[in-house]
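Engineer: The primary structure of each chain is shown beneath.
2 protein chains.
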Amino acid sequence: MSGGLQVRQDMEKERETLRTWKQRMGQELDRVLAFWTEHSHDQEHGGFFTCLGRDGRVYDDLKYVWLQGRQVWMYCHLYRKFERFHHSELLDAAKAGGEFLLRYARVAPPGKKCAFVLTRDGRPVKVQRTIFSECFYTMAMNELWRVTGEVRYQSEAVEMMDQIVHWVREDPSGLGRPQLAGAPAAEPMAVPMMLLNLVEQLGEADAELAGRYAELGDWCALRILQHVQRDGQAVLENVSEDGKELSGCLGRHQNPGHALEAGWFLLRHSIQKGDPKLRAHIIDKFLLLPFRSGWDPEHGGLFYFQDADDLCPTQLEWAMKLWWPHSEAMIAFLMGYSDSGDPVLLHLFYQVAEYTFRQFRDPEYGEWFGYLNREGKVALTIKGGPFKGCFHVPRCLAMCEEMLGALLNRPAPAPAPGARSPPAVPARRGAE
Amino acid sequence: MSGGLQVRQDMEKERETLRTWKQRMGQELDRVLAFWTEHSHDQEHGGFFTCLGRDGRVYDDLKYVWLQGRQVWMYCHLYRKFERFHHSELLDAAKAGGEFLLRYARVAPPGKKCAFVLTRDGRPVKVQRTIFSECFYTMAMNELWRVTGEVRYQSEAVEMMDQIVHWVREDPSGLGRPQLAGAPAAEPMAVPMMLLNLVEQLGEADAELAGRYAELGDWCALRILQHVQRDGQAVLENVSEDGKELSGCLGRHQNPGHALEAGWFLLRHSIQKGDPKLRAHIIDKFLLLPFRSGWDPEHGGLFYFQDADDLCPTQLEWAMKLWWPHSEAMIAFLMGYSDSGDPVLLHLFYQVAEYTFRQFRDPEYGEWFGYLNREGKVALTIKGGPFKGCFHVPRCLAMCEEMLGALLNRPAPAPAPGARSPPAVPARRGAE
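Sequence lines, in order, name chains A and B.
Our numbering puts the first residue of the first sequence at 3, with every later residue one more than the last.
Our numbering puts the first residue of the second sequence at 3, with every later residue one more than the last.
Note that these hints are calculated values from the structure, not bench results.
Among the hints, a few may not be true.
Which copy is meant is left open, so a pair is good if it fits within one copy or across any two.
Result set (DSSO-like, lysine-lysine): computed pairs, CA atoms no more than 27 Å apart in a straight line [as the list claims (entries may be wrong)]:
#, residue 1, residue 2
1, Lys-128, Lys-114
2, Lys-128, Lys-246
3, Lys-97, Lys-114
4, Lys-128, Lys-97
5, Lys-83, Lys-97
6, Lys-246, Lys-15
7, Lys-279, Lys-246
8, Lys-24, Lys-83
9, Lys-83, Lys-275
This one's a predicted model, so the numbers in the text were calculated from it and none came from an experiment.
My request is simple: use the sequences and hints to build the entire structure.
Structural biologist: Laid out in structure tokens, this is it:
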């Protein structure tokens, strides 16, 4: 067999693998969505039940605001991006969720602070002194505007965004956290990550808002990049506001899944900016590094938490394998590959996807388990709970389906002579 | 062999087992104390490091106020009750811990609210909107008064106690929790438990304070008893203030270790009151019931959390085995046996003690591991952390050593004809 024939056969085999994965992603997305549309809609009060047992039964009717906002976002996003989800059942449920949020999320309107969890009929149960309920509220409202065209949703989104930016960059006192003399001025990576995600959400195909938030987006990227510490050898979850390592467990805390999620947020941002050096840095520090240190060599899967000095974390769940870091890793590696063409990233995508589909999927009742022990055994049988809703799994499946489709639609190239090994699918800028 | 001879031989064998356990408890207590005196004293600032790795190395220098108060209490208590611990090293360390608390625990003196965690040099890092830092502060101050005779410690204890009682029974607004329309008026069992423990602490050999808090003690006992729900078939961790089951996960939440700890608090209280019917009820509902439902039939050990409907709890660590429920169970069963003479309780004590000494002890570096996975494998190698300090293990060992000593000092009885099986050691009232 000639060398040229061999290369073509390898490429065809690789395309076949991509096609198979695209099909699996699509089928799984349908199954996962069916689980949520069947079990989570509260027909009486609007909004969504998210405390769902293995078979979908509601085991608690509390409504967690993060998950309400995320499900509205997810439904609208699928409705908008996928023809097969462009149907009124999904849109109506999203609108009912949006109306529930509009009516009940804020603890003391017209104040913008939102609750963390509400009763089934919308009375506040708990408030967090963070920005996250408000961020998911904003994502929901912006997507609702995109699919309905109703300006009131967009006004809500933009006003809430302004409030969040004010809390983060000007004055956090409205969040209600006490100022304590010993509390370090720590920045959790979650804050600039979440804001960058909002900048990208609001700026999508919207030149005015993209311009308005351009400086904010760059600020977020810079702040996230400050979490790369120790001469580039570790991504730390908390750093000081001027980008220094903090002392103790707080400073050494690592969250590989978060680093990978930040990685694809940053990569998407830098693809838009067209900065190849930055993109290589992001792939190195936010994709490869967290995977190398965070993947369990013994049992597979990503650890939930780690300590940068390899000391024992104090979180009881540190060695557990959670669904969302694996969802984020799949997105990150496929996006990294789409951007760079580096086959190492494609094979990491396969490695994570194989582990994830094997360990987290529930072939019997649909959706994924969320919480495995270190060895990969299901530790909690719930499908939804206070922190797991209709979001990470379908977002991952939808984005992977789209990215795999885009890869398959690229024209087959001649093998690139300079590549480490012939990339099965060539690099392309701005794959998404 | 005559029946009488057989009974005497069985009794001697049982006494031999009790002697062996007493010796193990004493030796282990010495070893555990040595670990803390060697590794945890902050010679510079006073107080204690509690974030200690497997070998005792300090991995974080934050000072958790619960654990500062508990260690002061533990040191004083041992100094006061055990001749071999009646030495100035322990007393000086306790006083240094007490002075650290006096100087730094309160967030905004003269206000009484205490921090949850302080920097090494005493600046507040976090405040919890609960009563527990203040409760351990009170325990520490009362014991310091008992061993030093210095009245300023007792004034601190009594003033703080009054503040706590005010927060619990009159007006919780000083704790800083927001009033939210959807938040159920739930009573965590921890609150009356902790208060009952304080009543017993302050009232020990102190007729004036015992009288002053007598009504409070009865109120606490009544409130704890309200957590027995479902026709006596379950102890629920949270109930409404008028003693009804709450809806959802919050209402179904169970914590077997907490029920067992409440059990021996209640038992101690009711032994003082001399109410045999109540004591039998406590043994049945707070000792036997939580053990029966909370002991893992597959791998041994007590589950950390459970759901009263046998649904999957939402806490990631629900199936883990923690050191403190096992410490509390050992105390509870030995106290129950000392009071009732029921050999079932003695054998449960042996069962828990054997599991605990086998699984939690670290023969290499001393002290106990705190956190095992469901199967009993060490999940966290730390010996101390934000919630584990010098308290549950030595309190358990000290109390068991004392109770075993008291059992061995009882005169050997003639077999009681009415007992289910001849109790190896007879029932005695007020064993402690």
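Engineer: Run every hint past the structure and note whether it holds.
Structural biologist: Each hint tested on the structure:
1. Taking the shortest Cα distances, Lys-128 and Lys-114 sit within 27 Å of each other both inside one copy (15 Å) and across copies (25 Å).
2. In this assembly of identical chains, Lys-128 and Lys-246 lie within 27 Å of each other by CA distance solely across copies; the values are 21 Å between and 33 Å within a copy.
3. Proximity of Lys-97 to Lys-114 under the C-alpha cut-off of 27 Å is restricted to the intra-copy arrangement: shortest distance 20 Å within a copy versus 48 Å between copies.
4. Proximity of Lys-128 to Lys-97 under the C-alpha cut-off of 27 Å is restricted to the intra-copy arrangement: shortest distance 24 Å within a copy versus 39 Å between copies.
5. When the C-alpha separation of Lys-83 and Lys-97 is checked against a cutoff of 27 Å, the pair qualifies only within one copy, where the shortest distance is 17 Å, while the shortest distance between copies is 67 Å.
6. For the identical chains of this complex, Lys-246 and Lys-15 are neighbours neither inside a copy (47 Å) nor across copies (64 Å), given an alpha-carbon limit of 27 Å.
7. Taking the shortest alpha-carbon separations for Lys-279 and Lys-246, only the intra-copy value of 23 Å comes in at or below 27 Å, while the best inter-copy value is 63 Å.
8. For a Cα distance limit of 27 Å, the shortest separation of Lys-24 from Lys-83 inside one copy, 16 Å, qualifies, whereas the shortest one across copies, 70 Å, does not.
9. For a Cα distance limit of 27 Å, the shortest separation of Lys-83 from Lys-275 inside one copy, 23 Å, qualifies, whereas the shortest one across copies, 71 Å, does not.
The earlier numbered hint that this structure contradicts is number 6, and it is the only one.
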